[in-house]
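Protein chains in written order, with my numbering: chain P, 294 to 658; chain G, 211 to 539.
It should be emphasised that the hints constitute simulated quantities derived from the structure, not laboratory data.
Some hints here could point you the wrong way.
Once the Cα atoms are required to be at most 25 Å apart in a straight line, the calculated DSS-like pairs of lysine-lysine come out as [stated by the list, open to error]: (1) P:Lys-527 / P:Lys-434; (2) G:Lys-256 / P:Lys-334; (3) G:Lys-243 / P:Lys-482; (4) G:Lys-243 / G:Lys-224.
In silico negatives: residues of chain G with every beta carbon more than 10 Å from chain P [unchecked claim]: (5) Lys-256; (6) Asn-281; (7) Lys-303; (8) Thr-410; (9) Gln-428; (10) Ile-492; (11) Glu-517; (12) Asn-527; (13) Leu-528.
Partial pick of chain P residues on the chain G-facing surface, computed with a CB cut under 8 Å [as the list claims (entries may be wrong)]: (14) Glu-307; (15) Gln-325; (16) His-328; (17) Asn-331; (18) Glu-347; (19) Thr-412; (20) Asp-514; (21) Ser-562; (22) Pro-570.
We treat Cβ as the ideally placed atom computed from N, Cα and C, and that holds for glycine.
This is what each chain is made of:
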Amino acid sequence: MFHNLTINRIIIHEVHRRDVNRNIVEPNYGQQLIHLENDAKSALQIRITEALGESSHGIEMQIQNTLNNSLWDLANQIIQTTGNDNAFINLSQTVTANLAEAQKSKGIPGGIVVVIEGTCGHPARNLMCVIKAEPHAGFIKRQEEGQLLLQYLKDLILTPQAKLYKIGAFIQANIDAVPSPENPSAQWKGFLFDDLATKGNRQGAAQYFYETFLGLAFPTDSAFQTKQFHTLTKDFIKRANIDEETRSDLLTALTTYLKVDNTATVQVSAFSEAYIPTAELQDAYRQHMVQNSFTLNAIHKDLTEVASALKQRKIVFGHNIKLTAPPETFEDFVNMSVIDGEPTADGQTPKWTQIIIRGRIMDQE
Amino acid sequence: MTEQEFLKRWEQEKPVYQAWADFIKYTIEQTLKTSIAPTQLDYFLKVPVKPRLKLDSTLVDKAFYRKQYANPYDDVTDKVGMRFVVLLTSDIKKVCQIIEAPENKLFWDASKDRDYEAERLEKPLEFSYQSVHFVLRATKGNKFSGIEILENTSCEVQIRTLLQHAHSELTHDTLYKPKTVAQPGVKRTVAKSMALIEATDEFFEQAMQDIAKAIKPQNDILDLLKDRYQANIHQNVGEEPSNQLLVDTYFELLPENPIADISAFLDKVGYIYPKIKQYREIRHIFSQPAILLIYYLASHSPARTVEMWPLDRDDLNLVFSDLGIKLPD
């Protein structure tokens, strides 16, 4: 979706933390467009595709708030301001005012609001994108009279490492769709990137940003998608051309990833990069998911439909021998390895399994 | 003709001989340039071509003492000469073809004085000096650098491989001249090295053919990328070795039918062309057609593309970003 990204206009504003009485501190409004050189524009393009592009942690959301002056409504107006920079600037100020309004708690920090109008996709589709970037401190090196100096900067934003930013994007993706009173945003898709959603944070994404400000909601099919992820990934691992030990590790990892990890999202490349051992197998996994039409973007993790499948880790051997264990303990207390068995009469060496369970027999039937 | 008459005429005609030789060098090199492209001329010619007039004393020595000529002045055909030294025996043929080309009959009448291939057939048991010698005699009405070239002005052109040249340098003025007294042992050693050179030249040729055959699939891909680059991005296509490096690095990742697959992919992503056009001014690798292959790979095997990427990571970042894909961590 975010291929062929072209940035047309950029403007920045600044929102502040609420004052002690929780009143809005008037935002600092930018009055003119920002001009960036090509390399700076490329860097900004990379920030957006890294956050929202294929295999990123960006989530496709549902556009929920379509009232007047909702973010979707403003996006719809902004993309129609081609040739009218003043209108773009005014609308971007309303976007900023909306964010200041949405930041109801004193705990929410201020930041720079970057409003971008452009296109993406092929053929190109209109795009409006808003970034809230929280400034942080850092250093730059400086050369002065042959001396190498270190300069301290307090207000760095959008650096690649510190993911102190959130992005909302609206794309007029389906121009053939017909908007109706029930579904005025039929032509549009909404996207969210929020680092909090991927980090080990139980609350997940900051609600003030995606819901109050952007008017987006997590898709209602998250539980189904999470189940799909589990089923398709399990199919891949079961069929992959790998040794049994790796297969066992990966199946355990899949359960761990869904059940034990604190992340609020599920995503193909996140699982892949964390657990799949080789680049070749990672590419094969990605291809498997693409072939089965599973999104490479992040989805909201909802375990309702997959919970039962995650309860037990089950291994079946020949002769109807079974081993089951709760996935949480499997990794730590069960160790399986493939060994050479005793040669059979015809000289073949069969493969056997050696299992070590860190524990005594507690009960027998 | 006396020695004095000889030298007097030689003194007068030196500029003509020099101009004739310069003209021949110029004509052959110009034609070579187009026939060997994209190989550069100074790469193809292993020793720079320098037309040389024979020294007066050497000339008299040859015309009156070493040889018995009926017409000493005209019969010494190498009063001026030049040498083309190339790598392979097949390269010698390329130069010969130009000298013998029908369109050059307008300028000269070429006669092959020495042909090592014919000499090998004639004396199959002997391993001695090998080189191709032509004598180029001017036709009527040539002019070069404002100097009129007299009809029948002669010039010797030698063509040989680098190894043949090395052998000739070793034996120059010592062995190949007929009357030299050399120890049979020395002669034997020199003959042995010539035999070795002949064999090595053949191996070089074979090796070159084997290499060309082995890299053909890669070159086919590069040709496709070059065509696409030229048609859609820029006339000037970078041909630096990084192209080969990238194709070589990723060759194992390509599908069974790479040409069809890559073509189909490039047809779909026409939007990358203007982007590459913009980057090529500031980032070298985007001036190389192999970058198109990287776009293909990034969208088909992202993890391995990153893992095997041999160059600056920033460049890869742009490729992924243009395709709207997050670079794998």
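Non-interface claim for G:Lys-303: all C-beta distances to chain P beyond 10 Å? 46 Å, holds
Consistency of the no-contact label for G:Leu-528, given chain P and a CB cut of 10 Å: 6 Å, violated
Hint check: is the beta carbon of P:Thr-412 less than 8 Å from a beta carbon of chain G? Interface hint status for P:Thr-412: violated (10 Å vs cutoff 8 Å).
Verify this label for me: G:Glu-517 is non-interface relative to chain P, using a Cβ-Cβ cutoff of 10 Å. 4 Å, violated
Mind verifying the non-interface call on G:Ile-492? Its CB should be farther than 10 Å from each CB in chain P. 7 Å, violated
Closest CB-CB distance from G:Thr-410 to chain P, is it above 10 Å? With a cut-off of 10 Å, G:Thr-410 remains clear of chain P, as the shortest Cβ separation is near 42 Å.
Claimed clearance of chain P by G:Asn-527, with the beta carbon kept past 10 Å: Non-interface label fails for G:Asn-527: nearest chain P Cβ at 5 Å, not farther than 10 Å.
Interface hint check: P:Gln-325, Cβ to nearest Cβ on chain G, cutoff 8 Å. Holds or violated? Cβ of P:Gln-325 sits 24 Å from chain G, so the hint is violated.
Consistency of the no-contact label for G:Asn-281, given chain P and a CB cut of 10 Å: Label holds. Min Cβ-Cβ 73 Å, cutoff 10 Å.
Report holds or violated for the interface hint on P:Pro-570, using the least CB-CB distance to chain G and a cut-off of 8 Å. 11 Å, violated
Would G:Gln-428 pass as off the interface with chain P, using Cβ distances and a cut of 10 Å? With a cut-off of 10 Å, G:Gln-428 remains clear of chain P, as the shortest Cβ separation is near 21 Å.
Keeping to a limit of 25 Å between CA atoms, is the pair of P:Lys-527 and P:Lys-434 held or broken? 49 Å, violated
Comparing the model with each numbered hint stated earlier shows that hints 1, 2, 3, 4, 10, 11, 12, 13, 14, 15, 16, 19, 20 and 22 do not hold.
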